[in-house]
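Here are the chains, one letter per residue:
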Amino acid sequence: MYTIKNLSKYFYDESWRSFFKNNKIVALKNLDIDFKYGDSIGVIGKNGSGKSTLLKIIGNILLADEASFSFDKNKAQTSYISGNERSFFWRLTVRENLEFFSTMYGINKRVADAQIMKIANDFNFTEFLDIKFVFLSSGFKKKISFARALLKNPDIFLFDEITNSLDFSSKNKIKELLTVFKKNQSRKILFWASHDTSEIIALCNKVIVLEKGKVARTIYKGEDDFNEKIFNQYL
Amino acid sequence: MKKFLINTFKRSLAFFKKDLINQTSYRLSFFLNILSIFIAVYVFFIFSKLFEGSNNYLEKFGNNYFFFLIIGISISDVVLRISSVINTEVRNYQLTGMFEEIINLKAPIIELLSYSFIYPIVYSIFRLLIFLFFAVIFFDLSLDFTNIGLIIFAIFLTLTSCIGIAYIAGAYALAFKKGNPLSAINQLSVMILGGVFFPTTILPDWLNYISQFIPITHALEIIRYLFISENFLNTEVMQHFYSLALLSLCFLSIGLVVCNFAIKNGKKNGTLTIY
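For the protein sequence lines, the chains are A and B, in the order given. Using my numbering, the first residue of the first sequence is number 11, and each one after it goes up by one. Using my numbering, the first residue of the second sequence is number 143, and each one after it goes up by one.
Hints in this document: simulated from the structure, not taken from any laboratory.
Per the computed footprint, the stretches of chain B lying under chain A, defined by three or more beta-carbons under 8 Å from a beta-carbon of chain A, are:
#1 146-153
#2 245-258
#3 403-412
None of the values given here were measured: they were computed from a predicted structure. No residue lacks a Cβ here, since even glycine has one placed at the ideal position from N, Cα and C.
Please put together the full structure from these sequences, using the hints given.
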């Protein structure tokens, strides 16, 4: 079981107008969450409610101002996957990109080659391996983001609105991939921040609702309120 | 320890390969760069004709302004390129969102930024050799390679100081993002006070004094002196070596400290990924 207690995070407005007033912005305030192996946790809330900040803190991309963690954040195997397509080298091929990142993850070349082929097969992009990243469609680029996260093989996956700006069919493909992935990797922990409640229903067994940096409520699968209508009230 | 070294080597190679593929994919730019070196050497050759003949300031350089200029320009090309590596890389990472991925790698960010030096160093040395090759082959520049070991050592020290300056400029980009004055100051001081176009002895005393705190001043003194035939290591060159080594150590130490501080601060404030 992983627990995070009293998590608070503040940002500071650096614009000129902040010169004359308090420039402290509360992103997260006294937030408590817990999760265990196998959990798929949906994180929902309006824009600015603190979803990305929470995921980035768990992924150690951001440091919390106050918090106590039951685990060593520096050692926890996490992977933060955002919808940002620019986090690849666009003039390199898909294979060259994945090889580069697997070297950074410390994976042996032979193992990495085999893993890349396996993931490419599973995700159906073998024929795109030697295509430059720049020529891929948005949906495909997001698929490769997920493939890169799988190469790292972390315990905790942190998906931050990765299906934003995707068309209906690409969204469905990503959803299908993740459903299959969840079935095969039942011990992995998955965080899914999204504004799409159908994704939350399909993928998650627990939902954290964030409002102004606080947990407004937690809803578990099987409860009456675990439905799109209720979730939409918080978006 | 062995595993760490193997990993470091593999990562260095991966960064080099990535940068090489990236840069050479702009084929026209790559060839135009080489062509521009030839044009530059040719222009400097013509320019140097203005200063032919005996000159007090150029006496210790064999009264050869073309030699003086080519060494100055080729070394300043290396210095300016390496000094801006981290600044450029940080801005690039900030603008593309690559920083989140870099932080995600769980290796120290400073280590990952340091790998970015490998390709520019190799490419700069390649450009330096092309500069000298064109000058020697097409414009009869005479260089003596007897002291090549010492010259390589001087270039190594120069690179070390540039890496330090690059970390300092990178720290600025991490903290304040745009409008890096350090890069401009570095560029200006190298070109005006570093002895690239004219010997620093021409400068007024107070500017000459300031130029002693610029690594390239000493690097050029050493390299020019040792490239002239029948010149060997003497007390004056040794003093330049000591100064260059000291400056390199200072810039590298300061660079590492401020860059690490900027990274830590950026991670805390969440500003690393902001541009």
